[in-house]
Amino acid sequence: MQPFFALLLLSQNNLNRCTHAMEIEKFSYDNKIVKAFMIASVIFGLVGMLVGLTAAIQLFYPIFNFSDSPVGQFVSFGRIRPLHTNAIIFAFVGNAMFAGVYYSMQRLLKARMLSDTLSWIHFWGWQLIILAAAITLPLGITTSKEYAELEWPIDIAIALVWVVFGINMIGTIIKRRERHMYVAIWFYIATFVTVAVLHIVNSFEMPVSFFKSYSWYAGVQDALVQWWYGHNAVAFFLTTPFLGIMYYFLPKAANRPVYSYRLSIIHFWALIFIYIWAGPHHLLYSTLPDWAQSLGVVFSIMLIAPSWGGMLNGLMTLRGAWDRVREDAVLKFMVVAITAYGMATLEGPLLSLKNVNAIAHFTDWIVAHVHVGGLGWNGFLIFAILYWTVPRMWNTKLYSSKLANIHFWLGTLGIIFYALPMYVSGVTQSLMWKEFNPEGFLVYKNFLETTVQILPLHGLRATGGLLYLTGAIIMTYNLVKTAYAGSFIANEPAEAAPLAKNYVIKTGGWHYRLLEHKPMLFTVLALVAILIGGVIELVPTFLIKSNVPTIASVKPYTPLELQGRDIYIREGCVSCHSQLIRPFRSETERYGEYSKSGEFVYDHPFLWGSKRTGPDLHRVGGKYSNTWHYNHMLAPDAVSTGSIMPAYPWLFEQSIDKASTAGKISALRTVGVPYPEGYEETANAELEQQAETITASLKKDGIEVSSDAEIVAVIAYLQRLGTDIKAEKVAVNQ
Amino acid sequence: MYKNVLQSMTDVAVWPIISFVIFFAFFITLLAYVFLVDKKFIQYMKSLPMDDETPKSSTETVNRHV
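Taken in order, these protein sequences are the chains called S and H. Read left to right, the first sequence gives residues 1 to 734 (the numbering used here). Read left to right, the second sequence gives residues 735 to 800 (the numbering used here).
Hints may be right or wrong, so weigh each one.
Stated by the list, open to error - Distance condition first, Cα-Cα at most 30 Å in a straight line; then the derived DSS-like pairs of lysine-lysine:
no., chain 1, residue 1, chain 2, residue 2
1, S, Lys434, S, Lys175
2, S, Lys623, S, Lys611
3, S, Lys32, S, Lys402
4, S, Lys501, H, Lys780
5, S, Lys397, H, Lys774
6, S, Lys445, S, Lys658
7, S, Lys555, S, Lys397
8, S, Lys501, H, Lys774
9, S, Lys354, S, Lys596
10, H, Lys773, S, Lys658
11, S, Lys611, S, Lys445
12, S, Lys700, S, Lys623
13, H, Lys780, S, Lys32
14, S, Lys175, S, Lys623
15, S, Lys555, S, Lys402
16, S, Lys354, S, Lys481
17, S, Lys623, H, Lys773
18, H, Lys773, S, Lys501
19, S, Lys175, H, Lys773
20, H, Lys780, S, Lys518
21, S, Lys555, S, Lys623
22, H, Lys774, S, Lys175
23, S, Lys175, H, Lys780
24, S, Lys699, S, Lys623
25, H, Lys780, S, Lys555
26, S, Lys26, H, Lys780
As the list claims (entries may be wrong) - Selected chain S positions facing chain H (in silico; Cβ < 8 Å):
no., residue
27, Leu108
28, Tyr261
29, Ile532
These aren't lab readings, by the way, just hints derived from the structure by calculation. Treat the numbers as computed from the prediction; the structure is a model and nothing was measured. Backbone N, C-alpha and C define an ideal beta-carbon position, used for all residues, glycine too.
All chains, please: the whole structure from these sequences, using the hints.
Below you can see the structure in the form of structure tokens.
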């Protein structure tokens, strides 16, 4: 073995000599693009948090939905909840990610970004996408798939801008002056390739018009693809880029190298390889095949290892520097961020255990979980890098470390005040939903009893959000004052030797630098690693199409029901109402027969939802009268005292968009719904006929409403929900 | 139901075996790679973020306004 190691050392010496012998080149780092992304992140962060706070308040003061005002329909909970999630994920965290990547990548590769033009196309392209989201989501233009709500033209724009980012990144890697790619760069590469794959696969949709499309997939398949996407969006948009950022900025801030570089290699490969398999844990007890659910659980548990390896690597980097953590706000933010990463990545796998999931799913527990990750990990790491980079880029010192410390404590208290009430609320919900009395009846039969019970906890949660937002405002002030006190270094001068063209790895050393200096091979291998899990998980489920037990009585939606369903999607009803009855006695008692895969075969997109702020609606059809629905949508509180559901007065004034019916029928036929040829021509006549039946039944109760009103379509859809199986039972009984 | 799904796939029995082999091979290779990496090289990689400038403590302030 000795000659082998001697050769390794020899080749290392050659490497060093090689570098020293080269002529030094002068160049500069582009700080301007970093500054732009940072400003965008801070501004959109404040907006996104404010929208989140508003949505939180709406949940205990429904009056803040402003339902009766002219702007009511644009700011009701169902519309602004996706606005909040999109603003936080793609605008606040996304822009911060790009800022962190552009800052660290240039320095780690000792090269300016490939092209300033591409950098700015990336920046403005991304901001235009955010602007488009900010306009379309309140207008109700949405696909309803969580974190993928934006409609198809914006999806295409996202893909294009993402490619620009990728070209700029890979191009910079190719023209680098540092031969070896530090682990942060690996995380950035994995982020780029995986997000591209996820976004493209999940965005297959059939356009109806410029602002409307139907998911290419239906029911169970749509759910699997969506949560494969949703889960990995958390992994590869909110986690991997920030791990790269952690591996760069933490050693910088702590002024010592990362604890174990070997561990970081394992962290990277194990994380990207395992993460991609875990998506189905979002669909436990759903109608997804058991094997896929189990696969999701097993891989989720395995994820603890690389995640905690990463967390420990981060925290151990601070060994010997903990005294500085007491004084340095940057390190404080980082310690809480990394701890939150550890907590969220332990909690996530535990939530994927089926017995825990049975309790936690659809409750506020999940909201607490994601906010530990969002507020703690992403938010605090972003604050840390802002406090660290702004003084450097403006060549000054931070305006006030006292304000930074105040921000730290407000933020930390904010997270606690947010998470704890949501945990209590989640457990309360679950216990109340599942409690039976000795006679075997549900104790809290009325869903509303649970809703009312947790209102004070929602109040506390909003207080937590307010504290967190206040901290972020203080930070903004502090950073602006810092910037004014300094002078911005738009182009930071740097120098390094270019890569030697005749670089040859000496015998014996090939394996240990197999990847670090071959970006293209590396990118391909990262892609393969993430594709393996995706393929093994998705392929059998795609073959399922012919295997979903078909239920003869399940028929496509009528044109009126279809229009109603699209209004349901537009209003974001799926934010609060699930359409998936799990096979538990507590659920079948409350809602009716548990959901079957075969019932969703015409659901483009699926509308299972992920949260029960209100009751499940899968079997709501036929449960109440048309009149009940009419009155309930007009004034929920008058029908169900204490209800926190917003009113929907505009549904009574606006007319069904009949011009779109034919296009919708044709588009759905293209994706596999068996509407007969030529049906689109007669669809509106059928729609009107069904609407007349509903208005006639309302008239009997003294309600006069136009059969064109949107509420009629919504009633038709709600009355249809889950009745296909009931119809079958009736048929069998007869 | 999963039986229906799996039975309809040709040679489905090989599916979990392939998964396991890929998984096992992946991690064995990874561990072998990590333990064989030269220590000097690791030190070099580790130091990459530290090279680009002299770190300063970020929250020292010039003047305390607050």
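We went through each hint and held it up to the structure:
1. Lys434/S <-> Lys175/S: violated (60 Å)
2. Lys623/S <-> Lys611/S: holds (21 Å)
3. Lys32/S <-> Lys402/S: Holds, at about 28 Å.
4. Lys501/S <-> Lys780/H: holds (24 Å)
5. Lys397/S <-> Lys774/H: Answer violated: Lys397/S to Lys774/H is near 36 Å, above 30 Å.
6. Lys445/S <-> Lys658/S: Violated - the C-alpha atoms of Lys658/S and Lys445/S are around 39 Å apart, more than 30 Å.
7. Lys555/S <-> Lys397/S: violated (67 Å)
8. Lys501/S <-> Lys774/H: Measuring from Cα to Cα gives roughly 23 Å; hence the hint holds.
9. Lys354/S <-> Lys596/S: Holds. Lys354/S to Lys596/S sits at ~19 Å (cutoff 30 Å).
10. Lys773/H <-> Lys658/S: With a Cα-Cα distance of about 70 Å, the restraint between Lys773/H and Lys658/S is violated, given a limit of 30 Å.
11. Lys611/S <-> Lys445/S: Given pair Lys611/S, Lys445/S holds - Cα atoms ~19 Å apart, limit 30 Å.
12. Lys700/S <-> Lys623/S: Distance of about 18 Å is within 30 Å: holds.
13. Lys780/H <-> Lys32/S: holds (28 Å)
14. Lys175/S <-> Lys623/S: violated (66 Å)
15. Lys555/S <-> Lys402/S: violated (65 Å)
16. Lys354/S <-> Lys481/S: Status violated; Cα separation ~50 Å.
17. Lys623/S <-> Lys773/H: Status violated; Cα separation ~70 Å.
18. Lys773/H <-> Lys501/S: Holds, because 26 Å separates the two Cα atoms, which is no more than 30 Å.
19. Lys175/S <-> Lys773/H: holds (27 Å)
20. Lys780/H <-> Lys518/S: Holds: Lys780/H and Lys518/S sit about 18 Å apart, inside 30 Å.
21. Lys555/S <-> Lys623/S: Given pair Lys555/S, Lys623/S holds - Cα atoms ~20 Å apart, limit 30 Å.
22. Lys774/H <-> Lys175/S: The hint holds at about 25 Å.
23. Lys175/S <-> Lys780/H: holds (21 Å)
24. Lys699/S <-> Lys623/S: holds (19 Å)
25. Lys780/H <-> Lys555/S: Violated, at roughly 61 Å.
26. Lys26/S <-> Lys780/H: holds (24 Å)
27. Leu108: holds (6 Å)
28. Tyr261: holds (5 Å)
29. Ile532: With Cβ-Cβ at 6 Å, under 8 Å, it holds.
Hints 1, 5, 6, 7, 10, 14, 15, 16, 17 and 25, counting from the list given before, are not met by this structure.
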